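Under this note's numbering, residues 17 to 259 are what the sequence shown spells out, in order.
By construction, these hints were calculated from the structure, which means they are not laboratory data.
Here the structure is a predicted model, which is why all the values come from computation and not from measurement.
Glycine included, every Cβ here is placed at the ideal spot set by N, Cα and C.
Careful, some of the hints might be misleading.
With beta-carbon atoms standing in for the labels, derived distance ranges [as the list claims (entries may be wrong)]:
{"hint": "1", "residue 1": "D111", "residue 2": "R81", "range": "30 to 40 angstroms"}
{"hint": "2", "residue 1": "D118", "residue 2": "S220", "range": "18 to 28 angstroms"}
{"hint": "3", "residue 1": "E221", "residue 2": "E138", "range": "48 to 58 angstroms"}
{"hint": "4", "residue 1": "K165", "residue 2": "E137", "range": "54 to 64 angstroms"}
{"hint": "5", "residue 1": "T45", "residue 2": "E137", "range": "17 to 27 angstroms"}
{"hint": "6", "residue 1": "V121", "residue 2": "K63", "range": "41 to 51 angstroms"}
{"hint": "7", "residue 1": "D118", "residue 2": "T242", "range": "19 to 29 angstroms"}
{"hint": "8", "residue 1": "D118", "residue 2": "I94", "range": "41 to 51 angstroms"}
{"hint": "9", "residue 1": "V156", "residue 2": "Y224", "range": "15 to 25 angstroms"}
{"hint": "10", "residue 1": "D249", "residue 2": "T62", "range": "37 to 47 angstroms"}
{"hint": "11", "residue 1": "M217", "residue 2": "P48", "range": "12 to 22 angstroms"}
Straight line, CA to CA, 30 angstroms or less: simulated DSS-like cross-link-like pairs of lysine-lysine [what the hints assert, rightly or not]:
{"hint": "12", "residue 1": "K76", "residue 2": "K65"}
{"hint": "13", "residue 1": "K198", "residue 2": "K136"}
{"hint": "14", "residue 1": "K110", "residue 2": "K165"}
{"hint": "15", "residue 1": "K207", "residue 2": "K65"}
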Amino acid sequence: MKKILPLLLCIVTSIISAQSEAHLEKFSTLEPDLWLGIWDSAHSNTKLKIDTLSYDVIPKALDFRGTVVEALQWKDTIGDNILIQTVTGHFNWKDYEDNGIDYMVQDKAELYAYLFTKNKEESSYQRKWKIYDYTECFGVDWYIGFLAKATTITDVDEDGISEISIPYISVCRGGMDPSSLKIIMYEDTEKYALRGATMIMCGSENAYGGDFTMSTTVQHNAIFKTFLAERWDRTKCENNMRF
C-alpha cells in the first residue's frame, strides 16, 4: 500500500500538470477576434462607404458576446451603423431530461449578429436587433457559423435604408445529410428570412437538398423575394463551403 500511494500521487500530478499546460497554451493564444472574411464586398452596395473595424476600435460600450469574426461600419439615412458578427466556438452543455435531474453532456456552439445604430439626435449607439442561433449535438460532424464572403450590405429597393443579409449554416450529422442553411436579412427592424438546407453534390445528376421556405415578409415584398432567392442560389452549394 505504501508503494502504491506514491505511484498514484505521481500519476495524478502528471495528469493535472498536463491539463494545466494545455490550458496555459490555450490561454496564451486566446484572442478576442478571429477575422474570417465574412463580408462579401463584391455584392454589397458600392455607394455605401463600408469600413471594417478592428477589435480595438469597436466602441467599448457595445454589449456583445462571443469572438468577433467580422465588424463593419457605414452610414445610411437612418444614421451610423455598426454590424458585429461573433461565434463562441464549441463548449460542453448539459441537456437535462424532463425530470430536471438526469442529463446528457452534449456539444454546443453559438452564433450571434448585432446591429448597433446612432442617429443625429443620439450621443451613443443603441442595439437595433440581434440574431442568435446555436447547435446542440452529440454527433460526428457538427458546426455552426457564418459563410465566408457571404454577408452583404445593400440597398436594392433604393430607399436609402440599408439591408443586411447574413447567411449561415448549422450542422449536426453523422453522414451525408444536407446542413441547415439560413439567410436572415434586416431592413431597419423588419426581418426577412429564407430557411432550408444546403445542396449536396452540386452540378451532378445526383444532387440533392437546396430547398428553402420563405418568411411571410419575403413573400409580400417582390424586390426582396427576387434578391434573396438569387442569394440563396449563389450560397446553397455545400461543395464550396469551408467548415
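Evaluation of the provided hints:
Hint check: D111 to R81, Cβ distance near 21 angstroms, so the stated range 30 to 40 angstroms is violated. Here the CB-CB span from D118 to S220 is close to 45 angstroms, at odds with the stated 18 to 28 angstroms. Distance hint check for E221 and E138: the Cβ-Cβ separation is about 56 angstroms, which falls inside the suggested range of 48 to 58 angstroms. Between K165 and E137 the Cβ separation comes to about 36 angstroms, which falls outside the hinted range of 54 to 64 angstroms.
Under the hint 17 to 27 angstroms, the C-beta atoms of T45 and E137, about 43 angstroms apart, miss the expected range. Look at V121 against K63: about 50 angstroms separates their beta carbons, and that is inside 41 to 51 angstroms. The hint said 19 to 29 angstroms for the Cβ distance between D118 and T242, and at roughly 50 angstroms that hint is violated. Between D118 and I94 the CB atoms are about 49 angstroms apart, so this pair conforms to the stated range of 41 to 51 angstroms.
The hinted range of 15 to 25 angstroms is satisfied by V156 and Y224, whose Cβ atoms lie roughly 20 angstroms apart. Roughly 22 angstroms separates the CB atoms of D249 and T62, a value that falls outside the hinted 37 to 47 angstroms. Look at M217 against P48: about 38 angstroms separates their beta carbons, and that is not inside 12 to 22 angstroms. At roughly 22 angstroms between alpha-carbon atoms, K76 and K65 fall within 30 angstroms of each other, so this suggested pair holds.
A threshold of 30 angstroms between alpha carbons decides the hint, and for K198 with K136 the separation of about 33 angstroms lies outside it, so the pair is violated. At most 30 angstroms may separate the alpha-carbon atoms for a hinted pair to count; K110 and K165 exceed this at roughly 34 angstroms. About 23 angstroms separates the Cα atoms of K207 and K65, which keeps this hinted pair within 30 angstroms; it holds.
Hints 1, 2, 4, 5, 7, 10, 11, 13 and 14 from the earlier list are contradicted by this structure; the remaining hints agree with it.
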